[in-house]
Amino acid sequence: MSLTTPVKQIMQERKSVRKYNAKTKISRETIVQLLQDAISAPSSSNMQPWRFIVIDDKEIQKSINFFSFNQEQIETASAIIAVIGDIEMYVNAEEIYAKNAELGYMPEEIAKKLGQDALAMYGSASTKTLENIVHFDAGLVSMQIMLLAKEMGYDTVPMGGFDKTKFAEYMELPANEIPILLIAIGEAAAPAYGSSRLPIDRIVRFNK
1 MSLTTPVKQI MQERKSVRKY NAKTKISRET IVQLLQDAIS APSSSNMQPW RFIVIDDKEI
61 QKSINFFSFN QEQIETASAI IAVIGDIEMY VNAEEIYAKN AELGYMPEEI AKKLGQDALA
121 MYGSASTKTL ENIVHFDAGL VSMQIMLLAK EMGYDTVPMG GFDKTKFAEY MELPANEIPI
181 LLIAIGEAAA PAYGSSRLPI DRIVRFNK
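Positions 1 to 208 (UniProt numbering) are the ones given, in order, by the sequence shown.
Just so you know, the hints here were simulated from the structure itself, not pulled from any lab data.
Errors might be hidden in some of the hints.
What the hints assert, rightly or not - Straight-line Cα separation of at most 20 Å, PhoX-like style, residue types lysine-lysine; simulated pairs:
id	residue 1	residue 2
1	LYS62	LYS128
2	LYS25	LYS62
3	LYS62	LYS112
4	LYS99	LYS112
5	LYS23	LYS8
To be verified - Between beta-carbon pairs, the in silico distance windows are:
id	residue 1	residue 2	range
6	PHE136	ILE53	17 to 25 Å
7	ARG28	ALA192	31 to 39 Å
8	SER40	ALA98	14 to 22 Å
9	ALA189	SER27	37 to 45 Å
10	ILE53	LYS99	19 to 27 Å
11	ASP57	PRO107	45 to 53 Å
12	LEU198	GLU94	43 to 51 Å
13	ALA192	LYS164	21 to 29 Å
14	LYS99	ASP201	43 to 51 Å
15	ALA120	SER196	44 to 52 Å
16	LYS164	THR24	38 to 46 Å
For glycine and all other residues, C-beta sits at the position ideal for the given N, C-alpha and C.
With the hints as extra help, turn the sequences into a complete structure.
Structure below.
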């Protein structure tokens, strides 16, 4: 797909693919670049709570499929991108805002205050509130991952249907990191099914 392909076309052509060519390999450099581009997504107070585990080892892909309802694409996709949410993302607040000042995005005194405010606000939030925040932000970056992958000529499918507790245990995640979504990425071996949408007048209303 051309780099000049309109975003709307990419959105329409992106489908959830579940049949992959198991022989297709995507380099780690390509996936890192994909994720580097994807993290331009917005996040709550720019806390960037997303973390990623790229699983491209076939044995590990097979292992996580034991608690992922035996979905074929987990083993045949070139890689699985696990989108993780860090509920202690606020510990980076001052670093993030200091960098904003360094890059000239805002005055240093404002950046310092915003960093301190974010650290205090999120640091005092409940675990449930933080989990809601990281789930929301993970959704934003995940959509960008899938659209960028399509632009690069690859296919994806998002998967929320896996045992997150067992995944966290198997991957030895620290307590502050919670698994949110798995994204299979690779080359389609068969066309994806189309999917209908509800009429727009059923889902849109204005004002009250």
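| Do the alpha carbons of LYS62 and LYS112 lie within 20 Å of each other, as the hint requires? | Cα-Cα ~46 Å, so violated.
**Prompt:** Using the C-beta atoms of ILE53 and LYS99, is the stated range 19 to 27 Å upheld?
**Reply:** Cβ of ILE53 to Cβ of LYS99: about 24 Å, so the range 19 to 27 Å holds.
I want to verify a distance hint. Is the separation of the beta carbons of PHE136 and ILE53 within 17 to 25 Å? Holds: the Cβ-Cβ distance is about 20 Å, inside 17 to 25 Å.
Hint check for GLU94 and LEU198 - Cβ pair distance inside 43 to 51 Å:
Distance hint for LEU198, GLU94 holds at roughly 44 Å.
Notebook entry, point to check: Is 45 to 53 Å right for how far apart the beta carbons of ASP57 and PRO107 are?
Noted result: Check passed, 46 Å falls within 45 to 53 Å.
Restraint check for LYS23 with LYS8, where alpha carbons must lie at most 20 Å apart: violated (30 Å)
- Are LYS99 and LYS112 close enough, with their CA atoms no more than 20 Å apart? holds (10 Å)
Open item on the list: Please verify whether LYS62 and LYS128 have alpha carbons no more than 20 Å apart.
Closed with: Violated, because 32 Å separates the two Cα atoms, which is more than 20 Å.
**Message:** Does the beta carbon distance between ARG28 and ALA192 stay inside 31 to 39 Å, or does it fall outside?
**Reply:** 25 Å Cβ-Cβ, so the 31 to 39 Å window is violated.
Starting from LYS25, check that the Cα of LYS62 is at most 20 Å away, please. Roughly 16 Å separates the two Cα atoms, so the pair holds.
In this structure, is the beta-carbon distance linking ALA120 and SER196 contained in 44 to 52 Å?
For ALA120 and SER196 the Cβ distance comes to about 47 Å; the hint holds.
Checklist entry - Holds or violated: 37 to 45 Å for the Cβ distance of ALA189 and SER27? => result Once the Cβ atoms are compared, 20 Å apart, the range 37 to 45 Å for SER27 and ALA189 is violated.
Hint check: violations occur at hints 1, 3, 5, 7, 9, 16; the rest are consistent with the structure.
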